[in-house]
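Q: Quick note, the sequences are listed as chains E, D, B and G, same order.
Just so you know, we're using the working numbering here: the first sequence kicks off at 1 and counts up by one.
Just so you know, we're using the working numbering here: the second sequence kicks off at 1001 and counts up by one.
Just so you know, we're using the working numbering here: the third sequence kicks off at 2001 and counts up by one.
Just so you know, we're using the working numbering here: the fourth sequence kicks off at 3001 and counts up by one.
Among these hints, one or two may not hold up.
Claimed, not checked - According to the in silico footprint, chain B covers these stretches of chain E (three or more CB under 8 Å from chain B):
no., stretch
1, 74–84
2, 147–160
3, 200–211
4, 271–279
5, 332–342
Stated by the list, open to error - Chain D residues, not near chain E, derived (Cβ > 10 Å throughout):
no., residue
6, PHE1005
7, PHE1043
8, ALA1086
9, ARG1087
10, PHE1109
11, GLY1153
12, SER1184
13, ASN1263
14, PRO1281
15, GLY1282
16, THR1326
Unchecked claim - Derived lysine to any residue pairs resembling SDA-like cross-links, with alpha carbons at most 20 Å apart:
no., chain 1, residue 1, chain 2, residue 2
17, G, LYS3238, G, GLY3160
18, B, LYS2238, E, ALA368
19, G, LYS3002, E, GLN78
20, G, LYS3242, D, GLN1078
21, B, LYS2242, D, ARG1387
22, G, LYS3238, E, GLY384
23, E, LYS273, E, GLY384
24, G, LYS3002, E, ASP309
25, G, LYS3235, E, ARG315
26, E, LYS273, E, ASP337
27, D, LYS1066, D, MET1001
28, B, LYS2002, D, ARG1315
29, B, LYS2238, E, VAL157
30, B, LYS2002, D, LEU1075
31, B, LYS2002, D, MET1001
32, B, LYS2242, E, GLN146
33, B, LYS2242, E, LYS273
34, G, LYS3238, D, ILE1373
35, B, LYS2235, E, ALA138
36, G, LYS3242, D, ARG1387
37, G, LYS3238, D, LEU1142
38, B, LYS2002, D, GLN1078
39, E, LYS115, E, ASN137
40, G, LYS3242, D, ASP1236
No lab work stands behind these hints, which were simulated from the structure alone.
We treat Cβ as the ideally placed atom computed from N, Cα and C, and that holds for glycine.
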Amino acid sequence: MDMSFSAEEELFREEVRTWLGEHLVGDFARLRGRGGLGDMDAFVEERIAWEQELGRGGWTGLAWSKESGGRGASLVEQVIFLEEYARSRAPGRAGHIGEGLLGPTVAAFGTDAQKARFLAPILAGTEIWCQGYSEPNAGSDLAALQTRAVRDGDNWVIDGQKVWTSLAMVSQWCFVLARTGAGSSRHEGISCLLVRMDQPGVRVVPIRQMTGNAEFAEVFFDGATTPVDHVVGPVDGGWKVAMHTLAHERGASTLGQQADFTNELRALVQVAKDNGAANDPGIRDRLAELWMRLKVMRLTALRTLSAHDRGELPREAMITKLFWATWHRDLGELAMDVLGPDAAVLREGHDHDLHRLFLWTRSDTIYAGTNEIQKNLIAQRALGMPR
Amino acid sequence: MDMSFSAEEELFREEVRTWLGEHLVGDFARLRGRGGLGDMDAFVEERIAWEQELGRGGWTGLAWSKESGGRGASLVEQVIFLEEYARSRAPGRAGHIGEGLLGPTVAAFGTDAQKARFLAPILAGTEIWCQGYSEPNAGSDLAALQTRAVRDGDNWVIDGQKVWTSLAMVSQWCFVLARTGAGSSRHEGISCLLVRMDQPGVRVVPIRQMTGNAEFAEVFFDGATTPVDHVVGPVDGGWKVAMHTLAHERGASTLGQQADFTNELRALVQVAKDNGAANDPGIRDRLAELWMRLKVMRLTALRTLSAHDRGELPREAMITKLFWATWHRDLGELAMDVLGPDAAVLREGHDHDLHRLFLWTRSDTIYAGTNEIQKNLIAQRALGMPR
Amino acid sequence: MKFALSDEQISLRDAARAFLAELPGPHAMTEQDGAYNADAWSRIVGEQGWTSILIPADHGGWGFGRMEMAVVLEEAGRKLTPSPLFSTVALGVTAIDTLGSDAQKAEHLAAIAGGATATLADQGSVTAQRDGDGWLLSGEAVRVIDGDTAEILVVWTNAGAFVVPGDAVQRARVPGLDTTRPLATLRFDGLRVSDEARLPGADLERVRLSAGLLLAAEQVGGAEDVLDVTVDYTKVRKQFGKPIGSFQAIQHACADMLVLVESARSAVWYAAWAMDVGAPDAELAVRTAKALASDAYFRCAGSAIQLHGGIGFTWEHVCHLHFKRARAGMALLGEPSVHRAAVAAAMLDGDSAWT
Amino acid sequence: MKFALSDEQISLRDAARAFLAELPGPHAMTEQDGAYNADAWSRIVGEQGWTSILIPADHGGWGFGRMEMAVVLEEAGRKLTPSPLFSTVALGVTAIDTLGSDAQKAEHLAAIAGGATATLADQGSVTAQRDGDGWLLSGEAVRVIDGDTAEILVVWTNAGAFVVPGDAVQRARVPGLDTTRPLATLRFDGLRVSDEARLPGADLERVRLSAGLLLAAEQVGGAEDVLDVTVDYTKVRKQFGKPIGSFQAIQHACADMLVLVESARSAVWYAAWAMDVGAPDAELAVRTAKALASDAYFRCAGSAIQLHGGIGFTWEHVCHLHFKRARAGMALLGEPSVHRAAVAAAMLDGDSAWT
């Protein structure tokens, strides 16, 4: 039990902080605090430029192995980077699907040619990826997906529809789950395809959300093609590849998210101090309770990382999604109560956009496994209750 | 829409109030506030005497038809009686299973001989009944009951075990659900038997609860017998009889219960005023919220009664049990918070026994259909959701 | 003792429901940058006469009670009907009828019965100063419902209420959380009004309670609609090979919603009756209704989004319109915590025993 | 950065669990009218030496940290082990070690390491008055944990803390909600003590925080036990033809319990480390731990009764012992709302930015 950082780790923290301080300037300065979840459609081009700046600085692929071109950073270093990144209010990453999902999957399951072709542009921030998993009839039940790819000579020909695809509008590539097997059903006969977005058979229709933003899109595949060698992992055996990707321990990433949450809570506290809500005993009680749960969120994440170092997946790791999603939604609700009668009126300015927080957080308990599904998983996997 | 009582109804209220004031005196005075749920094992003999006093006054069988020997009171009159009864803090009724359950069932399904034999002693308070439904493996799932009765000449011979039987220790009779059919399973082949308790084949073992009281008992039937003409309704066709009894609109009774709840809330308010908790904004907020929900509980019950007058069973009637059980549990939890550090220490005296309230109310969300079962029923029956 | 809608009230409800189904829905208004559909409004006034419900017969109205108004508003809340109905009847009519002189009622209520819109501006910092035989109004009123379009404005000041023509005031729509019910800021820049514009009544709290009750009625309708929409969706949406409505967690969430809806409805109906007959517990009944209906609507709308999954989060779906209206309405005319605090004071601070 | 038990701490935990399984359970104590099993206590002291964990090596103890003590108390809380362990180590040892002089520590901590029991009386109205070269103690101390049996009493007065022999005081058990942890009222009727009995330290709050942390550790163990018992029961109890643990509502309730248990455990472990190393956020960490662990235990125990159905409501079952201990422990050493209020003050009232 030792909750302190080593001298080397503190040096690394200083390096990150210094680099961010020196580079998050000029045109990039106005990106501070922008582009996170709920705001992903803001300054997209500029954030791609920032991704490339990160790449030049060697800060992309932090968790990737050195063979893959990454930095091979330890989990603690990843935590430090993400915490400093959030504290500096650096923008939401345009390359997160490539760095966090596609890259690790290609590194684990891809051919040498795929590695050579796809990894470097992710690290450089020159190719943006989106994820083609969810479908209209395959939400919580991913295995109900219906998109189909049929072999035609040297190509796969793809027909179907994906939904909730973030950054689809600006991505060069999509990581598509499609049925390729003859008698394919549920988990069988699915393959993972790498598909170019800029081709005639692909149509992207942005989805406007209740926040008014359009961060996601529907992606229609209507005879889109991709070469046969753009399958990751075995043909018809893509389910395991996809699950590996989903299960790929987000590791340090939740700690970066928590630093974002801290920024949000701090902003809310400032509003409460300014408008007098900080004198309301009920508001005080709830702010304190949220602060406590935020602290604990970080602690549980650190426990998970320490167990990860030992090669264990402890049961407390399985509560992460449910815990933060519920916390964030509670923060959004409290934000409105802090505003009081002013909750009915939208305010100007992004920094204090409590309404965006309030609305966006309704999605947190839905995407990436609803709270209901998360509880089922906890009961069945962490507690061994019968299915 | 008219929420006021008529002049006749107000006269009736005066009659009830006067009678209770004149009779709840002498030996009966100390029964005030005693013998309710959570305290049913208090002063049992005295409460049976009180039952007989009520019978002499013509206050038993208020809801029964005049042919059955009852008063044929309107629903509003029943409400008035129960509210006044609770306001006067008259004791928990020792005869409530006979009056509320066995009597109406015999009146609806019994033979003329059964009516002649069983109804009058209930009204007179000279025969106390208990209910033999629940079994160790048939809780929320009543149809899993296993008690069996086999025909032997002019008798049924009964073997099995019942549980959570209130007042079993002092009852002369038990209303037993037992399997009588050859291939009996689930809802088929069940009969309703009227069984004497004072016979060698019946053994009563009190169950001590977490409150320390023993209001309930296990009842073991080991070759107990009852004559063949002591079956209510058709042999092997008792499920419908039992369900009719359970569904038998408790009608006005929830309104009497709410008057009890009002007494409890008022006592808690007094404690909060005395110990200063009434100055705590969080406590104030919760007391007000409970007051509001208590008011609404009464209003929804009155809506149900008005619909009942029209012969409808409206969907709002189906929320009654869930609503009051949850309310009561919340009251118990708030009672402890009002006590603050003193929650750890038991206090003397029944009137302010907030701890008993706190502990007992944990059972409210379990018996007569757990909250979970209630929600299933609401979803499936009131909202038509698929089973 | 009869706690149920009368046959006449049921007919009114059914007629309202049928009529409202023909009107343009809330999305139309949201896409029209918050402008009400003038045709719909003229049909509400002309065909249905709903603005006349609360206006006494002496002044050209129907002289019905809050119960009838609540029945109609429950239906309007259910369909999120975009129109100045709520502001006109719950704020304008109530303020003038409660605070106005006979002459003022005769003038303004008749105008409303004839189709004029009205609202109440009681939040902000408007002050009235004597100026000869008239008054000068200065300052800002905020969060005024339909304040940018109302033809008749009742404005509350340090010297009581004044009624002024809407177009005499500088006014601007402010972006609101609820895109189906515009809010506005009004600026009074030394506006001179005659002494006849001043309403003699002082009981603003009664106006706010009455309006809060009617908002609560709307909220019950909204809460019921999201429940209905959600239950319908869970019966057809399939996951893991069966309708999600067969999952216990979904059923329990819907059951909780029903409890909230029916409880709030009981509270609203009773409060309407209590105010109409002047029952002694009318104030506490209204506070109960507004607190419970606001909470019910918000929680139901939140559950509805959750149970719809991603689709409930999209702009095209009705869920978010309910959700936003629910949260905005919670903030108007007293948040639930404010009403609970008032009830707590009645329970705890007085000497008299509450019942 | 390593946030996990060390191998030594894991060994300590496993040994404690194995040992505690041999001791008489809480029902035995409840049936013995609240008397601790003397044999069990002598084994705890003699075989396990747990009273020595927090005592510095100079004074005959092991000189371990709160983390080790927390590991043991988590196990004791899990089994509801009846013994004066908590009062002796969390209150007695902590009070003397924090407030006492070297001479007082030498005397009393050595006695405790040798098997004496001890507790702290800091609630009530005990006053100390100068009386020549000594002091006169008067008044009443309430809710003193194990106050009727502790051999060494630390009593807090207006003039600081005094250490007195337990049998010098009039004392009486009071009926408590938690039948497995006796509370007592102590009466001081002008008890004369020497000036040497006065402890020089003044930081009662630190003693209470330290004790609160250790109570929180016990609560995590209790919460986990009710979770385990409940999950086991739902796997075997059948209704409607299948184990109730396969119903989604039951699964969700158990999942909620797991979230509470593991979150509280994270909070307790961190607070133990923070107090042991003197981290600047130690106070807030302890308040977080006590608030979350109290809430977690209470909510888990409540859910456990619910999920057990009727059987969980019976005297013979373990559920109600946990439930009562959970609620009683919530009331001791600061209710959750008290700790939240202190955290809120740190967040909202100071000028310094919290992190």
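Q: Which of the listed hints are not met by the structure?
A: 1, 2, 4, 14, 15, 17, 20, 23, 27, 29, 33, 39, 40
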